[in-house]
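Chemist: Chains A and B, in that order, give the protein sequences.
The opening position of the first sequence corresponds to residue -7 in this note's numbering, with each subsequent residue numbered one higher.
The opening position of the second sequence corresponds to residue -7 in this note's numbering, with each subsequent residue numbered one higher.
Note that these hints are calculated values from the structure, not bench results.
Hints are not guaranteed to be accurate.
Straight-line distance between alpha carbons at most 16 Å, and here's what the computed EDC-like set of lysine to aspartate or glutamate pairs gives [to be verified]: (1) B/Lys143 - A/Glu(-3); (2) A/Lys65 - B/Glu68; (3) A/Lys143 - B/Asp190; (4) B/Lys154 - A/Glu155; (5) A/Lys154 - B/Glu157; (6) A/Lys154 - B/Glu120; (7) A/Lys5 - A/Asp239; (8) A/Lys154 - B/Glu152; (9) A/Lys18 - A/Asp239; (10) A/Lys154 - B/Asp190; (11) B/Lys154 - A/Glu0; (12) B/Lys154 - A/Asp153; (13) B/Lys65 - A/Glu152; (14) B/Lys154 - A/Glu68; (15) B/Lys223 - B/Asp(-4); (16) B/Lys132 - B/Glu152.
Computed list of chain B residues with no C-beta within reach of chain A, every gap over 12 Å [unchecked claim]: (17) Ala22; (18) Leu25; (19) Lys36; (20) Glu57; (21) Asp80; (22) Met98; (23) Arg101; (24) Ala102; (25) Thr124; (26) Glu214; (27) Glu217; (28) Asn221; (29) Ala233; (30) His265.
Ranges between beta-carbon positions, derived for each pair [said to hold, decoys possible]: (31) A/Asp16 - B/Asp29: 52 to 60 Å; (32) B/Glu28 - A/Glu28: 45 to 53 Å; (33) B/Ser76 - A/Arg232: 35 to 43 Å; (34) A/Lys44 - B/Lys240: 40 to 48 Å; (35) A/Glu155 - B/Ser76: 50 to 58 Å; (36) B/Asn108 - A/Tyr73: 29 to 37 Å; (37) B/Glu152 - A/Asp190: 16 to 24 Å.
All C-beta atoms in this analysis are idealised placements derived from N, C-alpha and C, irrespective of residue type, glycine included.
There are 2 protein chains.
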Amino acid sequence: MTRDELFENIKRKKSYLCVGLDSDIKKIPAHLLTTEDPIFEFNKAIIDATHKYTVAYKPNIAFYEAHGISGWKSLEKTINYINSNYSDVFTIADAKRGDIGNTSLMYARAFFDAMNFDSITVAPYMGEDSVTPFLQHPNKWAIVLALTSNKGAFDFQFTEDKESETLYQKVLKTTSKWGSADNMMYVVGATKADMLKDIRNIIPDHFLLVPGVGAQGGSLQEVTENGINSKCGLLINSSRAIIYNSDKEDFAEMANKAAHELQQEMEHLLKKHNII
Amino acid sequence: MTRDELFENIKRKKSYLCVGLDSDIKKIPAHLLTTEDPIFEFNKAIIDATHKYTVAYKPNIAFYEAHGISGWKSLEKTINYINSNYSDVFTIADAKRGDIGNTSLMYARAFFDAMNFDSITVAPYMGEDSVTPFLQHPNKWAIVLALTSNKGAFDFQFTEDKESETLYQKVLKTTSKWGSADNMMYVVGATKADMLKDIRNIIPDHFLLVPGVGAQGGSLQEVTENGINSKCGLLINSSRAIIYNSDKEDFAEMANKAAHELQQEMEHLLKKHNII
Chain A
-7 MTRDELFENI KRKKSYLCVG LDSDIKKIPA HLLTTEDPIF EFNKAIIDAT
43 HKYTVAYKPN IAFYEAHGIS GWKSLEKTIN YINSNYSDVF TIADAKRGDI
93 GNTSLMYARA FFDAMNFDSI TVAPYMGEDS VTPFLQHPNK WAIVLALTSN
143 KGAFDFQFTE DKESETLYQK VLKTTSKWGS ADNMMYVVGA TKADMLKDIR
193 NIIPDHFLLV PGVGAQGGSL QEVTENGINS KCGLLINSSR AIIYNSDKED
243 FAEMANKAAH ELQQEMEHLL KKHNII
Chain B
-7 MTRDELFENI KRKKSYLCVG LDSDIKKIPA HLLTTEDPIF EFNKAIIDAT
43 HKYTVAYKPN IAFYEAHGIS GWKSLEKTIN YINSNYSDVF TIADAKRGDI
93 GNTSLMYARA FFDAMNFDSI TVAPYMGEDS VTPFLQHPNK WAIVLALTSN
143 KGAFDFQFTE DKESETLYQK VLKTTSKWGS ADNMMYVVGA TKADMLKDIR
193 NIIPDHFLLV PGVGAQGGSL QEVTENGINS KCGLLINSSR AIIYNSDKED
243 FAEMANKAAH ELQQEMEHLL KKHNII
């Protein structure tokens, strides 16, 4: 998917919501456990119930890998289901990969060729040759970790060099030269919303994938005020607050409700900022 | 596997060789392509031919993921084959994972519980809660990226803070407090052998997993002189130079030869340093 197509979907759906498919067999409603592939049945119901309000889906790959081959099957069925039924959503393999060049190339094959995701999240620690293999597929995206939403973000990402530049700032400045706003995005945690203005000074145009709204405590409004740009430039992820809004038979209906509420808030903010 | 068990295996086999199973369907001998699972058949033959000289095997997970479910099957068969037949080798899932706590926990399940690897390589960028979930399994290991062997290592790993401490030094100092030399190792590229003395000042006891000998240009002797400690403390990885020593029917025999040559050199170095 191109940046323009993504922006068109955002305007049409009046939403910049990404739903995180952190689908955990221990948390999905009990009545699904008797089906052949409970994780896929759960995802399918969540996707059907939320796609109207959602511009992106983000399966968290760890939750599938944890089940070995059967988890990998659930993942493949999920991405195929999305690609077959809802071509207007952007898909993110939240895999946080990154390795030497020939190995990153293999990860690109796994997620872009074998599974046809639009994008993959990538860790920057190993530098240029670990990221650029993800930038060589037309209309595919690398989403680089910059400033994450977790407590551990403070261990290294805020380390200042001699010019008082933090590591996350250096990551933004350095990696953004390897591609463009048409094939790179950045992960910036919603719990660090006050840093978004500074981040926008470094990368005014790139889309930001923002986890941490909801369960992790980030504020949608604050993130939007500080991070929005003329093409929206934000994908706000919500996982647990949507997919586990109920653990009963009404889980899909309740996910729909939670997604709709976020979409309504987003519509208001998009209008406020003259995007729609 | 415990650190003492690993050290016993090193002394008994007179080797600290790790064979990297970067098994690529495009590079394995053509006659295997007619078998049901060419990647597994290749790995099995390589393992049978090299285990005598090898203390560790390191499947590079990207090479398996690139094939989706069938790749995941080859990986499971490979780790099961090693665990069933050669309990005296240490197994490394070279996966370079790392995510927020609940997600890293899922990766730990994938590689420690579902597949029973001894260890997994982990990227440090996201900090403490991305690493510690890998340290809670008895006799399992997190192998943290410190100084990698690739060109991109220079992009961020050498960034100096105000006290002239590089990022990789900070990673070593900070992360080593989260566990011990009994459940953590570090990736240090052989191409950076001159930094090994400095690294040994920071972490005298930890095992180092050293990629980059052979195809990437690192020197076994230089790495050993600068990095060895009283319990050896080194696992030197070789992938391409062993597993692709021949692309003909004699590939296993030639892998045996390449592994034996490295083992002989290692035996000499272990004796020189009074380890055996």
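Chemist: For each hint, tell me whether it holds in the structure or not.
Modeler: Results of checking the hints against the structure:
Among the hinted pairs, lysine 143 of chain B with glutamate -3 of chain A is inconsistent with the structure: their alpha-carbon atoms are about 35 Å apart, more than 16 Å. Distance restraint check for lysine 65 of chain A and glutamate 68 of chain B: the Cα-Cα separation of roughly 14 Å lies within the 16 Å cut-off, and the hinted pair is therefore satisfied. Only pairs whose Cα atoms come within 16 Å are accepted, and lysine 143 of chain A paired with aspartate 190 of chain B is rejected, the gap being roughly 29 Å. For the proposed pair lysine 154 of chain B and glutamate 155 of chain A, the alpha carbon gap of about 8 Å is at most 16 Å, so the pair holds.
Restraint check: the Cα-Cα separation between lysine 154 of chain A and glutamate 157 of chain B comes to about 10 Å, which is no more than 16 Å; the hinted pair holds. Of the pairs offered as hints, the one joining lysine 154 of chain A and glutamate 120 of chain B is violated, with about 24 Å between alpha carbons and a cut-off of 16 Å exceeded. A C-alpha spacing of about 27 Å is found between lysine 5 of chain A and aspartate 239 of chain A, which places the hinted pair above 16 Å, so the restraint is violated. The straight-line distance between the Cα atoms of lysine 154 of chain A and glutamate 152 of chain B is roughly 7 Å, inside the 16 Å bound, and the hint therefore holds.
Straight-line distance between C-alpha atoms of lysine 18 of chain A and aspartate 239 of chain A comes to about 10 Å, which keeps the hinted pair within the 16 Å bound. With a CA separation close to 21 Å, the supplied pair lysine 154 of chain A and aspartate 190 of chain B exceeds the 16 Å bound. For a cut-off of 16 Å, the pair hint linking lysine 154 of chain B to glutamate 0 of chain A is broken: about 45 Å separates their Cα positions. With a C-alpha separation of about 6 Å, the suggested pairing of lysine 154 of chain B with aspartate 153 of chain A holds against the 16 Å cut-off.
The hinted pair formed by lysine 65 of chain B and glutamate 152 of chain A fails the criterion: a straight-line CA distance of about 44 Å is larger than 16 Å. Using a Cα cut-off of 16 Å, the hinted pair lysine 154 of chain B and glutamate 68 of chain A is violated, with the two alpha carbons roughly 47 Å apart. For a cut-off of 16 Å, the pair hint linking lysine 223 of chain B to aspartate -4 of chain B stands: about 8 Å separates their Cα positions. This hinted pair does not check out: lysine 132 of chain B and glutamate 152 of chain B have alpha carbons roughly 32 Å apart, beyond 16 Å.
Every beta carbon of chain A lies more than 12 Å from that of alanine 22 of chain B, the smallest distance being close to 20 Å; the non-interface claim holds. The Cβ of leucine 25 of chain B lies farther than 12 Å from every Cβ of chain A, with a closest approach of about 18 Å, so its non-interface assignment holds. Every C-beta of chain A lies more than 12 Å from that of lysine 36 of chain B, the closest at about 19 Å, which supports listing it as non-interface. Remark: the non-interface label on glutamate 57 of chain B conflicts with the geometry, its nearest Cβ contact in chain A lying 4 Å away (cut-off 12 Å).
The beta carbon of aspartate 80 of chain B sits about 25 Å from the closest Cβ of chain A, which is more than 12 Å, so the claim that it is off the interface holds. Look at methionine 98 of chain B: its CB is around 4 Å from the nearest CB on chain A, not clear of 12 Å, so calling it non-interface is violated. Distance check on arginine 101 of chain B: its Cβ comes as close as 4 Å (rounded) to a Cβ of chain A, failing to clear the 12 Å threshold; non-interface status is violated. Distance to chain A contradicts alanine 102 of chain B as a non-interface residue, since its nearest Cβ pair spans about 4 Å, not more than 12 Å.
The beta carbon of threonine 124 of chain B is not kept farther than 12 Å from every beta carbon of chain A, the shortest such distance being approximately 9 Å. With 12 Å as the threshold on Cβ separation, the claim that glutamate 214 of chain B sits away from chain A holds: the shortest Cβ distance comes to roughly 20 Å. Distance check for glutamate 217 of chain B against chain A: the nearest CB is about 25 Å away, which clears 12 Å, and the non-interface claim stands. Listed as a non-interface residue, asparagine 221 of chain B keeps its Cβ farther than 12 Å from every Cβ of chain A; the least gap is roughly 25 Å.
With a least beta-carbon separation of about 14 Å from chain A, alanine 233 of chain B lies farther than 12 Å from that chain, consistent with its non-interface assignment. Look at histidine 265 of chain B: its CB is around 29 Å from the nearest CB on chain A, clear of 12 Å, so calling it non-interface holds up. In this structure, aspartate 16 of chain A and aspartate 29 of chain B break the distance hint of 52 to 60 Å, their C-beta atoms being roughly 30 Å apart. One distance hint, 45 to 53 Å for the beta-carbon pair glutamate 28 of chain B and glutamate 28 of chain A, is violated here, with the actual separation near 25 Å.
Separated by about 39 Å at the C-beta atoms, serine 76 of chain B and arginine 232 of chain A satisfy the suggested range of 35 to 43 Å. Checking the proposed 40 to 48 Å range against lysine 44 of chain A and lysine 240 of chain B shows it is violated: the Cβ atoms sit about 58 Å from each other. Checking the proposed 50 to 58 Å range against glutamate 155 of chain A and serine 76 of chain B shows it holds: the Cβ atoms sit about 55 Å from each other. Distance hint check for asparagine 108 of chain B and tyrosine 73 of chain A: the Cβ-Cβ separation is about 31 Å, which falls inside the suggested range of 29 to 37 Å.
Remark: the range hint 16 to 24 Å for glutamate 152 of chain B to aspartate 190 of chain A is upheld by a beta-carbon distance near 22 Å.
Hint compliance for this structure: hints 1, 3, 6, 7, 10, 11, 13, 14, 16, 20, 22, 23, 24, 25, 31, 32, 34 are not met, and every other hint is.
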